[in-house]
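Line by line, the protein sequences give chains A and B. Mapping the first sequence onto our numbering, position 16 (from 1) lands on 16, and the numbers just tick up by one. Mapping the second sequence onto our numbering, position 242 (from 1) lands on 242, and the numbers just tick up by one.
Think of the hints as simulated: they come from the structure by calculation, not from any bench. Note that CB positions come from ideal geometry on N, CA and C, so glycine has one too. Warning: the hint list may mix true and false statements.
Said to hold, decoys possible - So the derived label-pair ranges between C-beta atoms look like this:
1. Lys6(A) - Ser304(B): 52 to 60 Å
2. Pro98(B) - Glu49(A): 33 to 41 Å
3. Ala46(A) - Lys333(B): 42 to 50 Å
4. Gly139(B) - Asp50(A): 26 to 34 Å
5. Pro99(B) - Glu65(A): 36 to 44 Å
6. Lys6(A) - Pro13(B): 52 to 60 Å
7. Pro25(A) - Ile87(B): 36 to 44 Å
8. Glu69(A) - Glu300(B): 42 to 50 Å
9. Lys13(A) - Thr263(B): 32 to 40 Å
10. Gln227(B) - Asp31(A): 23 to 31 Å
11. Leu52(B) - Asp50(A): 30 to 38 Å
12. Glu49(A) - Pro375(B): 51 to 59 Å
13. Gln227(B) - Gly47(A): 45 to 53 Å
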Amino acid sequence: MAGKLKIRVDQDKCQGHARCKSLAPELFNLDEFGNAHEIGDGSVPAGLEDKAWLAQTNCPEIAIEVTEE
Amino acid sequence: MSDTSSILPEHPPVTDWVHDFDHTDPVWTENPFPIWEELRNECPVVHTKRFLGCYLPTTYQAVKEIAYDTEHFSSRRVIVRDVRPPITNTAPPITSDPPEHKPAKQFLLPPFTPDAMKKLEPRVRAICNELIDEFIADGKCDAAARYTKNIPVRAIAHMLGIPEKDSDLFIKWIHEILELGIKDDAALMRAVHEMTGYFAGHIEARKKNPTDDLISTMMNAKDKDGQPLSDMHVLGSLRLLLIAGIDTTWSAIGASLWHLAKTPADRDRLIAEPELMPTAIEEFLRAYSPVTMAREVIGETTISGCPVKPGNMVLLSFPAANRDPAMFPDADKVIIDRKENRHAAFGLGIHRCVGSNLARMEMTVAIEEWLKRIPDFKLDPSGSVTWSEGTVRGPRQLPVLFKGK
Numbered sequence: 001m002a003g004k005l006k007i008r009v010d011q012d013k014c015q016g017h018a019r020c021k022s023l024a025p026e027l028f029n030l031d032e033f034g035n036a037h038e039i040g041d042g043s044v045p046a047g048l049e050d051k052a053w054l055a056q057t058n059c060p061e062i063a064i065e066v067t068e069e
Numbered sequence: 001m002s003d004t005s006s007i008l009p010e011h012p013p014v015t016d017w018v019h020d021f022d023h024t025d026p027v028w029t030e031n032p033f034p035i036w037e038e039l040r041n042e043c044p045v046v047h048t049k050r051f052l053g054c055y056l057p058t059t060y061q062a063v064k065e066i067a068y069d070t071e072h073f074s075s076r077r078v079i080v081r082d083v084r085p086p087i088t089n090t091a092p093p094i095t096s097d098p099p100e101h102k103p104a105k106q107f108l109l110p111p112f113t114p115d116a117m118k119k120l121e122p123r124v125r126a127i128c129n130e131l132i133d134e135f136i137a138d139g140k141c142d143a144a145a146r147y148t149k150n151i152p153v154r155a156i157a158h159m160l161g162i163p164e165k166d167s168d169l170f171i172k173w174i175h176e177i178l179e180l181g182i183k184d185d186a187a188l189m190r191a192v193h194e195m196t197g198y199f200a201g202h203i204e205a206r207k208k209n210p211t212d213d214l215i216s217t218m219m220n221a222k223d224k225d226g227q228p229l230s231d232m233h234v235l236g237s238l239r240l241l242l243i244a245g246i247d248t249t250w251s252a253i254g255a256s257l258w259h260l261a262k263t264p265a266d267r268d269r270l271i272a273e274p275e276l277m278p279t280a281i282e283e284f285l286r287a288y289s290p291v292t293m294a295r296e297v298i299g300e301t302t303i304s305g306c307p308v309k310p311g312n313m314v315l316l317s318f319p320a321a322n323r324d325p326a327m328f329p330d331a332d333k334v335i336i337d338r339k340e341n342r343h344a345a346f347g348l349g350i351h352r353c354v355g356s357n358l359a360r361m362e363m364t365v366a367i368e369e370w371l372k373r374i375p376d377f378k379l380d381p382s383g384s385v386t387w388s389e390g391t392v393r394g395p396r397q398l399p400v401l402f403k404g405k
C-alpha cells in the first residue's frame, strides 16, 4: 500500500523554471526571485499525488524530491 | 581569367557534418534535425575547425554536463563567430561566470516572475489584436513579418518604458548582431554602438526624471556590496534584454504557428481543448527550441567521454538536446499533450533564461489570440517559409492563407 507523499525542493538545484508552480500550484510557491518552495512541510494532500509526480518529472533541474512516508 | 577565390563563398558548403559542421550552412538553416540525428549517432560531442575551433554536443546528457560545468566552460563569449576579438561589450548576467553571475542576475529576477508577467499580459493581448486587425481582412499574410516579429519587441519596449514605435530599430540591431554579426564584425560593432547610445539617452533622461519602468528598476538596483550598478552594467543588461528578448520569442511563436498551420488536427484539438495549451506550449518549446547558446572552453576536460580542449568554443545546442530520443520518447514527434517534458529550451543550470516566464506568457497569448480570430489557416503554397540563420532559429517568412472574419 502506498504511503503519504512528501515533496521537497532542493534550493541548491532550483533555477526558477517554475514548471512545478504551473503544473501543481497547490503544492508549490514561488519566492520574489521566482524560485520554488514546497508549501508548508511538503506533505501532499490526498488526491494531489499525481500532480506531485507530474511536477517532479517535469523539473528540468531535477530539483524536486518526492518521498513516500 | 577572373580571380576565382573572390567568388568562393566565405564558408564552403559542408560535405562532412561529423568533422566539419557549420551552423550557418544553408542545409542546417533549412532543416537541422537530420544533421543532429546523424551527429548524435556518431559521437555525443563533435568538433569543427571552422569558427577558430568549435565543439557541438548533440545529446541531452552532454549538453547538460556542459551547462552545469562553469569551471571549464565560460560564458564570457556566447556567440560562435568567425572572429574572436577582445571582449569589450559584456551583457551581464548572460556573459557572466561565477561569482559575478549571481548578483548580476538576482536583481533582474523579480521583474520577470510569473506574477509580474500576469500584469503585463493584458497589454500583450492588446498588441496581438492590434496586429491582427491590420491584416485579418486580407485573408492572407506573412505571419512572421506582420505578427510574430512584432509581439516580443513591443512587449519588451513596454516593460522597459521605451516607445513601442522604436520597434523597427530594435529589430534591425538584432539582425545585425545575431545574424550578420557572425561573419561581419563591423556590422555587429556598429549595431552595439548604436544600441548603447540609444539606451544611454534613456538612462540620462531618467536621472532627471525617474520613471516607473524596468530601466529605472535597473538603475536603482544595488550590487552585492550595496553600491548602485554602474551605467556600463545597466547598459550591458539592457542590451541583453533587447537582444535576448526579441527574436527568441519571435522565433518560438513563429515555429508554433508554422506547426499549427500545417497540422490541422493539433489546431482543432487546441481549440476544442484549450486546457491543453500549457502542455502544447512546452512541447513547442521542446520540439522547436529556438535558442542555441555558446560557451568558451577555458580548461581541459571530458564531456560524455569526449576530450574537450581550451581555445575552442562550444555551441550549446539546447534544441539538439531536446530532440534526443534517449531523453524523450518519439523525440521527433510533436505531442501537444506530452506529460513528461523535462525540456531544456530555456537552458539548464545557473544561466536559466531570465525571461522564460515572459516568453511563455507571450507564446500562450499570441497563439490563443490568433486561434480565437483565425482558427482556420494554412501555409500559402504560392509563398515559401524561410528560417533565420545562426543560433536563434525560427521562421522569418511565414506566408499563410486563412478565412478572414
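Do the hints match the structure? See the list:
A hinted range of 52 to 60 Å is violated for the C-beta pair Lys6(A) and Ser304(B), which are about 34 Å apart. Judged by the Cβ atoms, the range 33 to 41 Å given for Pro98(B) and Glu49(A) holds: they are separated by roughly 37 Å. A hinted range of 42 to 50 Å is violated for the C-beta pair Ala46(A) and Lys333(B), which are about 35 Å apart. Between Gly139(B) and Asp50(A) the beta carbons are some 44 Å apart, a value that contradicts the proposed interval 26 to 34 Å.
Look at Pro99(B) against Glu65(A): about 27 Å separates their beta carbons, and that is not inside 36 to 44 Å. Between Lys6(A) and Pro13(B) the beta carbon distance is about 57 Å. The supplied range of 52 to 60 Å therefore holds. For the hinted restraint 36 to 44 Å between Pro25(A) and Ile87(B), the CB-CB distance of approximately 42 Å keeps it satisfied. Look at Glu69(A) against Glu300(B): about 46 Å separates their beta carbons, and that is inside 42 to 50 Å.
Separation of Lys13(A) from Thr263(B) is about 35 Å and conforms to the stated range, judged on CB atoms against 32 to 40 Å. Distance hint check for Gln227(B) and Asp31(A): the Cβ-Cβ separation is about 24 Å, which falls inside the suggested range of 23 to 31 Å. Against the hinted window of 30 to 38 Å, the Cβ-Cβ separation of Leu52(B) and Asp50(A) comes to about 50 Å, which falls outside the hint. Taking the beta carbon of each, Glu49(A) and Pro375(B) are about 36 Å apart, not inside 51 to 59 Å as hinted.
Distance hint check for Gln227(B) and Gly47(A): the Cβ-Cβ separation is about 50 Å, which falls inside the suggested range of 45 to 53 Å.
When each numbered hint is compared with the structure, violations occur for hints 1, 3, 4, 5, 11 and 12.
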